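In order, the protein sequences belong to chains L and H.
Just so you know, we're using the numbering used here here: the first sequence kicks off at 33 and counts up by one.
Just so you know, we're using the numbering used here here: the second sequence kicks off at 11 and counts up by one.
Note that these hints are calculated values from the structure, not bench results.
Hints are not guaranteed to be accurate.
[To be verified] Pair by pair, the computed Cβ-Cβ distance ranges are: (1) L:P111 - H:T87: 42 to 50 Å; (2) L:G94 - H:T87: 21 to 29 Å; (3) L:T109 - H:T124: 34 to 42 Å; (4) H:D83 - L:A86: 19 to 27 Å.
[What the hints assert, rightly or not] No farther apart than 20 Å at their CA atoms in a straight line, the calculated lysine to any residue pairs in the SDA-like style are these: (5) L:K74 - L:H42; (6) L:K100 - L:S35; (7) H:K67 - L:Q34; (8) L:K134 - H:H51; (9) L:K74 - H:T124; (10) L:K134 - H:D66; (11) L:K101 - L:S60; (12) L:K74 - H:T15; (13) L:K74 - H:T96; (14) L:K134 - H:S71; (15) L:K74 - H:H20; (16) L:K90 - L:L80; (17) L:K74 - H:L55; (18) L:K74 - H:R32; (19) L:K101 - L:L52; (20) L:K74 - H:D66; (21) H:K21 - L:G75; (22) L:K134 - H:T65; (23) L:K74 - H:P49.
[Said to hold, decoys possible] Far from chain H by the CB rule (all over 12 Å, computed), these chain L residues: (24) L39; (25) V43; (26) G48; (27) T87; (28) K90; (29) N93; (30) F95; (31) H114; (32) A118.
Bear in mind the structure is a predicted one, so any value in this text is a computation, not a measurement.
Idealized CB from N, CA, C, for every residue including glycine.
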Amino acid sequence: AQSVTQLDSHVSVSEGTPVLLRCNYSSSYSPSLFWYVQHPNKGLQLLLKYTSAATLVKGINGFEAEFKKSETSFHLTKPSAHMSDAAEYFCVVSVRAGNNRKLIWGLGTSLAVNP
Amino acid sequence: DAGITQSPRHKVTETGTPVTLRCHQTENHRYMYWYRQDPGHGLRLIHYSYGVKDTDKGEVSDGYSVSRSKTEDFLLTLESATSSQTSVYFCAISESTGATSSGGYTFGSGTRLTVV
Chain L
33 AQSVTQLDSH
43 VSVSEGTPVL
53 LRCNYSSSYS
63 PSLFWYVQHP
73 NKGLQLLLKY
83 TSAATLVKGI
93 NGFEAEFKKS
103 ETSFHLTKPS
113 AHMSDAAEYF
123 CVVSVRAGNN
133 RKLIWGLGTS
143 LAVNP
Chain H
11 DAGITQSPRH
21 KVTETGTPVT
31 LRCHQTENHR
41 YMYWYRQDPG
51 HGLRLIHYSY
61 GVKDTDKGEV
71 SDGYSVSRSK
81 TEDFLLTLES
91 ATSSQTSVYF
101 CAISESTGAT
111 SSGGYTFGSG
121 TRLTVV
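Chain L with its partners taken away, still in its complex shape:
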């Protein structure tokens, strides 16, 4: 079965320290993977995506993620957290569904950034 697991429902970091949000996936095929961010009472914004090119993907706002096929992981990182990074983060895998594709969503990780 195809699935996405975000290993932490809540992560708390101090401003200026590194951020690590963990995501593991299960897919029968080579997947496309995404990270979305949702700020409070806002819609969802695409942070970055992996589509079988470079395994290290750079996104907006200084975030990046590394696709590791051997570990079936796509963890999101940022070297130095900013207060504005406080939000909900979703790991998403795009898988084949007949002639189309569908998205499978993780349940989200809430990131808190402390001053």
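Following the hints, position chain H against chain L.
Below, chain H alone, put in the same frame as chain L:
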């Protein structure tokens, strides 16, 4: 979000009444989606459309219907609203989801629906 708007942004309705949410895009994207977002469940797909008059069910389609008579509009209707349909509803668009494509989605700002 640029190119996609949802209306209304907020709505309170009574149990048993029909409700229609509208999603409008100006990107001319082929694919449109309706999701609901609930605590502990993440985003769940209700219905999607891959073209005018072409729609299909998602994982939580019971109690919902959709229509797409024009490329730019995708309507979600709750035939008879129930309290379990209190949620935040998001519309999304994508240019393509063919077997070899993998583009991301663009989301609307959401509609907060409360059924009392």
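Whether N93 (chain L) stays farther than 12 Å from all C-beta atoms of chain H, as the label says = holds (15 Å)
Are all C-beta atoms of chain H more than 12 Å from that of G48 (chain L)?
-> holds (29 Å)
With 12 Å as the threshold, tell me whether A118 (chain L) passes as away from chain H on beta-carbon distances.
-> It holds; A118 (chain L) is separated from chain H by about 18 Å at its closest Cβ, greater than 12 Å.
Given hint L52 (chain L) paired with K101 (chain L) - CA-CA distance at most 20 Å | holds (18 Å)
Satisfaction of hint between Q34 (chain L) and K67 (chain H), Cα-Cα up to 20 Å = holds (18 Å)
Evaluate the condition: distance from the CB of K90 (chain L) to the nearest CB of chain H exceeds 12 Å.
-> holds (15 Å)
Cβ separation of G94 (chain L) and T87 (chain H), checked against the hinted range 21 to 29 Å = violated (41 Å)
Proposed proximity, L80 (chain L) with K90 (chain L) (alpha carbon, max 20 Å) | holds (7 Å)
Given the hinted pair K134 (chain L) and T65 (chain H), is their alpha-carbon gap at most 20 Å?
-> holds (14 Å)
K134 (chain L) paired with D66 (chain H) [C-alpha distance capped at 20 Å] | Holds, at roughly 12 Å.
Agreement of K74 (chain L) and H20 (chain H) with the hint, judged by alpha carbon distance not exceeding 20 Å | Distance of about 13 Å is within 20 Å: holds.
CA of K101 (chain L) to CA of S60 (chain L), is that 20 Å or under?
-> Given pair K101 (chain L), S60 (chain L) holds - Cα atoms ~12 Å apart, limit 20 Å.
Violation of the numbered hints given earlier is confined to hints 2, 4, 20; the remaining hints are satisfied by the structure.
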